[in-house]
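> As a plain string of letters, each chain reads:
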Amino acid sequence: MANFEPKIVGFLCNWCTYAGADLAGTSRIQYPPNIRPIRVMCSGSVDSVYILRALLEGADGVFIGGCHPGDCHYVSGNYKERRRITVLKSILKSLGLDDGRVWIRWVSASEGKRYADSISEMTSHLKRLGPNPVSKYWSL
Amino acid sequence: MKKEVVIEVKDARVKEAINSFLESLLEKNLVSALLVPREVPSKDNVVQSLMTNSNGLKEVNVISPVLPVSSARIISEMTRLSSYKNPVGVVLRSCEIRALIELVKLKQASLDNLLIIGVDCLGTYSVSDYQNLCKQGNSPSDELLRKFKEGGEDTKLRKACQVCEYPIPSNADLVIGLIGVDFEKNILLKSGTEKGEKILENFSFLPVRACTQTGPEFNQSKREESVSKYLSKKIEKRDALFSEMKEETSGGWENLLSVFSTCINCHNCMRVCPLCYCRECFFESPTFEFGSEKYLLWAKRKGSIKMPRDTILFHLGRMSHMATSCVGCGLCEQACPSNIPLLKIFKMVSYKVQQIFKYVPGRDLEEPLPLTTFKEDELRSVGEE
Ligand code: SF4
Ligand code: SF4
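Respectively, the protein sequence lines represent chains A and U. Residues 1 to 140 (UniProt numbering) make up the first sequence, in order. Residues 1 to 385 (UniProt numbering) make up the second sequence, in order.
The following block holds chain U by itself, in its conformation from the complex (with noise of 0.2 Å):
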């Protein structure tokens, strides 16, 4: 059975409601540590911090509107090698999860003691943005939530966020609901298995079931509805920004010579990427390393050749690695210094593929990664050019 409760917010503090659950799972020893994001102290950025105590639990922010890294990178480092043998709580956004179960299929990280706690994600801003907020004196989670009650657009959100289709964690222990809900009065809690719903046990939260009749207001088919209403509106978003790929890629080489022009192959990109997991990537190896006659022996064939070289094979290679994966969380395109539309080409490249095998990644833990499995009976026109 799921258990959905709802938390009270006392003065519209959202962020302070949610702390005050996150410290009872401390106090009540539900979990050894947190996995949270956190101000740092000149409170122009928020980072994962792996929390012992409640010490400085003031200074978390689970939905400040910033993801400098994915904490599936963060997870997988520290899960690679041995997981944890006491619950550990990771509070995760949906990309972050998805980005997670990739991992484990991968045999890149372990879910073994972790209780994953996703939080709906209202979209986040740049890290320089996010920055330049903070600077001016606001407060963007709190500029967010305000924007995200009005309805209203907000254009300053990263791409990736403002075309993603799964705001909504799934494969989460517990979620916490924003969307559709009065956020300034009641947060939704919800189990979504079994482990999730046993911690909810050791609390006294009024279910939602209850609220309809006494109580504060909170309704459920409202929340259905905004939520289905709000992904339809992303989904549109997604598919506009599909076919403004779509066109600027009738050009072929050219056009994708143009897009890449100021590639400095930094792989930025690829090391921000969740799901470019090898210890060594492919073209950071020796395959890549030549000697001096070679260079000459191709600038030859062609009259010249731009340095340094490699960055479009990169780029191609790259996608066709992990392109039945990629999650769409655009940090590629956040870290790249040369400001590469790279989230625009990825989640497109990657949206087409995945639809070839009916993947969608991070949905399922059981569903194999598609270039690990096959069917006998499928594809039959390759082959047959």
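One chain only, chain A, in its complex shape (with noise of 0.2 Å):
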């Protein structure tokens, strides 16, 4: 397990994190290569079915970034992203799974230290779970 290097799905809005990840890059700040980014035009366009595919096809952890409350460049799709991870938590939890291995976090266009921070942590927090189950199952 010591060399387990997990693998995340990033979901990441156009207008805050994946600029903010950019600024990370440009500014040099080192942090883990576990992340695999997709650009998304808002985090609230982020379906819990694509997270929930993401987490059934082995993704370790799934992170969806996106602007802070109040900032939204369509107004309030974030807020409704809110309450949309919330329900999925609340499902995994309710059926007995594991709802840590989906993060959401607000990261501005500007803070692209609080992006490169927010993958280590999630990268070190992945390392302690170990591997996502599912791809023990070859019947799921």
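None of these hints come from the bench; they were simulated from the model. Careful, some of the hints might be misleading.
Cβ pair distances, simulated, as ranges [as the list claims (entries may be wrong)]:
| id | chain 1 | residue 1 | chain 2 | residue 2 | range |
| --- | --- | --- | --- | --- | --- |
| 1 | U | Lys85 | A | Ser110 | 55 to 61 Å |
| 2 | A | Arg128 | U | Asn255 | 21 to 27 Å |
| 3 | U | Phe288 | A | Arg36 | 19 to 25 Å |
| 4 | A | Phe4 | U | Glu293 | 27 to 33 Å |
| 5 | A | Asp98 | U | Thr372 | 24 to 30 Å |
30 Å max Cα-Cα, derived DSSO-like pairs, lysine-lysine [what the hints assert, rightly or not]:
| id | chain 1 | residue 1 | chain 2 | residue 2 |
| --- | --- | --- | --- | --- |
| 6 | U | Lys195 | U | Lys105 |
| 7 | A | Lys93 | A | Lys136 |
| 8 | A | Lys93 | U | Lys105 |
| 9 | U | Lys302 | A | Lys93 |
| 10 | U | Lys375 | A | Lys113 |
| 11 | U | Lys300 | A | Lys136 |
| 12 | U | Lys58 | U | Lys10 |
| 13 | U | Lys229 | U | Lys344 |
| 14 | A | Lys93 | U | Lys233 |
| 15 | U | Lys344 | A | Lys136 |
| 16 | U | Lys306 | A | Lys93 |
| 17 | A | Lys136 | U | Lys246 |
| 18 | U | Lys300 | A | Lys7 |
| 19 | U | Lys358 | U | Lys375 |
| 20 | U | Lys306 | A | Lys127 |
| 21 | U | Lys344 | A | Lys80 |
| 22 | U | Lys302 | A | Lys136 |
| 23 | U | Lys105 | A | Lys80 |
| 24 | A | Lys7 | U | Lys302 |
| 25 | U | Lys222 | U | Lys198 |
| 26 | U | Lys147 | U | Lys135 |
| 27 | U | Lys375 | A | Lys80 |
| 28 | A | Lys93 | U | Lys237 |
| 29 | U | Lys159 | A | Lys93 |
| 30 | U | Lys358 | A | Lys93 |
| 31 | U | Lys15 | U | Lys28 |
| 32 | U | Lys294 | A | Lys136 |
| 33 | U | Lys234 | A | Lys93 |
| 34 | U | Lys195 | U | Lys358 |
| 35 | U | Lys246 | A | Lys93 |
| 36 | A | Lys127 | U | Lys302 |
| 37 | A | Lys80 | U | Lys352 |
According to the in silico footprint, chain A covers these stretches of chain U (three or more CB under 8 Å from chain A) [to be verified]:
| id | stretch |
| --- | --- |
| 38 | 239-251 |
| 39 | 255-268 |
| 40 | 318-328 |
Note that the Cβ used here is the ideal one computed from N, Cα and C, for glycine as well.
Two independent chains are provided; combine them into the complex using the hints.
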């Protein structure tokens, strides 16, 4: 397990977190290369099914990056995503599944450091959790 | 002012007493049609029928303990494109009204010119149990009323009904009350809205108020007491079901896989669910059509994959889309050819979700659907993982 490298699927909002990730890069901030970012137009466009799909296909974690509350480019997408993620986490918990593999963070375009820190934190959290158990089950 | 009156029942013929009220609604032109449960000619099922005159009213049975399809779906089908111009009476159970309210919020149905007549629900049998009872020569309605009167638990009822905490209709224009009522002598008829009140003005039923002094016996406080006793029994059973479920899910993925191991991905559960309103289900869209190589790729990754694919994704995804509005009707479970305990799963998961937002589906037309709204100052811990 020592060399387990978690795979994180990231859904990053074009207007904030994606730019924040860019800034982290151009500022040469070091962070683990475990995230596979997908650029989306708004965190509010990330339906739970996408997240579930990633988890069921064996992603060790899913990271959603959106604008800080109040700063959504489309006014309220992040607020709605916050509810959606709350629902998803509640469903996972009710079914005895780990909801700690889904993270949402608010990261603005100027917060390169916050983005890098978030990915570092999530990577070490997932390393502690170990690989997503779904890959054990062919019948899933 | 709420109006409460009693309908007199002759010779303990409950069904007939209700039917004569329905008949006068048509005869007095208070409604131009009725959507009512009616026995099919083979007498072994009861289906909703849209009646424009009282021919066949003898076969109408609004207390029949069977629910093949939720009328919420039917009303959505009838009113989605255009609402009624003249009053149409619809006789519904609580779960159907609650689902209908959700569908109206989802803009899938219109209440315009509908006169909602709710009936206290004593529970329903599965379609096949109902049919078997009929084949044995019994009248399921009479049997249910008898058992209810005796106060015994009817473990043959569908699980959804055994644990239903909303047997009394809310948001109805008129309510036909049976629980806590000596229905072999009198039935309660109550207005819930102004519209319902106006309807009652056309009848000369005895007001409940008058009953205590003269004429037929009717005890209002007895009804309230029985109703609350009945409800607490149901809630107890619901909580027992939830703790059963909690134990069963402690196994995580493994448990989930075993619960759904017999799922054939037929999507019946979605098709009958009154809340699954999408014209085209995402899970039946081209998103889920893949080329041959894709399957090989997936199989290579795990060594092998189960076919058909994506059954668990379907169930989890469906939950994530409709758990905020699930009314616990259990029709998903009734329609499942593989006997998967869907009610237990969906009701528990949905209850937890609804609690977060203090939302009760079907409670109030004005209450926005949880996933269409938000508060700025809420759920602060989300985003702080
Ligand atoms: S999920 Fe099942 S119990 Fe819930 S509303 Fe749909 S059919 Fe009824
Ligand atoms: S009805 Fe039953 S078998 Fe069919 S998809 Fe739903 S759970 Fe699976």
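> A separate judgement is required for each hint: does it hold in the structure or not?
Now the hints, each set against the structure:
1. U/Lys85 to A/Ser110: 55 to 61 Å: 58 Å Cβ-Cβ, so the 55 to 61 Å window holds.
2. A/Arg128 to U/Asn255: 21 to 27 Å: At 23 Å between Cβs, range holds.
3. U/Phe288 to A/Arg36: 19 to 25 Å: For U/Phe288 and A/Arg36 the Cβ distance comes to about 22 Å; the hint holds.
4. A/Phe4 to U/Glu293: 27 to 33 Å: holds, 29 Å
5. A/Asp98 to U/Thr372: 24 to 30 Å: holds, 28 Å
6. U/Lys195 to U/Lys105: holds, 20 Å
7. A/Lys93 to A/Lys136: Within the cut-off at roughly 20 Å; holds.
8. A/Lys93 to U/Lys105: holds, 28 Å
9. U/Lys302 to A/Lys93: holds, 26 Å
10. U/Lys375 to A/Lys113: holds, 28 Å
11. U/Lys300 to A/Lys136: Distance of about 14 Å is within 30 Å: holds.
12. U/Lys58 to U/Lys10: holds, 15 Å
13. U/Lys229 to U/Lys344: holds, 23 Å
14. A/Lys93 to U/Lys233: Holds: A/Lys93 and U/Lys233 sit about 27 Å apart, inside 30 Å.
15. U/Lys344 to A/Lys136: With a Cα-Cα distance of about 27 Å, the restraint between U/Lys344 and A/Lys136 holds, given a limit of 30 Å.
16. U/Lys306 to A/Lys93: Given that 30 Å is the threshold and the Cα spacing comes to 25 Å, the pair holds.
17. A/Lys136 to U/Lys246: Satisfied, since the Cα-Cα distance of roughly 23 Å is no more than 30 Å.
18. U/Lys300 to A/Lys7: holds, 18 Å
19. U/Lys358 to U/Lys375: holds, 13 Å
20. U/Lys306 to A/Lys127: Distance ~28 Å between U/Lys306 and A/Lys127 Cα, so the pair holds.
21. U/Lys344 to A/Lys80: holds, 28 Å
22. U/Lys302 to A/Lys136: holds, 8 Å
23. U/Lys105 to A/Lys80: holds, 17 Å
24. A/Lys7 to U/Lys302: holds, 16 Å
25. U/Lys222 to U/Lys198: holds, 27 Å
26. U/Lys147 to U/Lys135: Given that 30 Å is the threshold and the Cα spacing comes to 19 Å, the pair holds.
27. U/Lys375 to A/Lys80: Satisfied, since the Cα-Cα distance of roughly 9 Å is no more than 30 Å.
28. A/Lys93 to U/Lys237: Given pair A/Lys93, U/Lys237 holds - Cα atoms ~22 Å apart, limit 30 Å.
29. U/Lys159 to A/Lys93: holds, 23 Å
30. U/Lys358 to A/Lys93: Holds, at about 18 Å.
31. U/Lys15 to U/Lys28: Between U/Lys15 and U/Lys28 the Cα gap is close to 20 Å, so the pair holds against 30 Å.
32. U/Lys294 to A/Lys136: The given pair, whose Cα atoms are some 20 Å apart, holds under the 30 Å limit.
33. U/Lys234 to A/Lys93: holds, 25 Å
34. U/Lys195 to U/Lys358: Distance of about 29 Å is within 30 Å: holds.
35. U/Lys246 to A/Lys93: holds, 10 Å
36. A/Lys127 to U/Lys302: Satisfied, since the Cα-Cα distance of roughly 21 Å is no more than 30 Å.
37. A/Lys80 to U/Lys352: Within the cut-off at roughly 18 Å; holds.
38. 239-251: It holds, with 3 qualifying residues against the three required.
39. 255-268: Coverage by chain A holds here, the residue count being 4 at a Cβ distance below 8 Å.
40. 318-328: holds (count 5)
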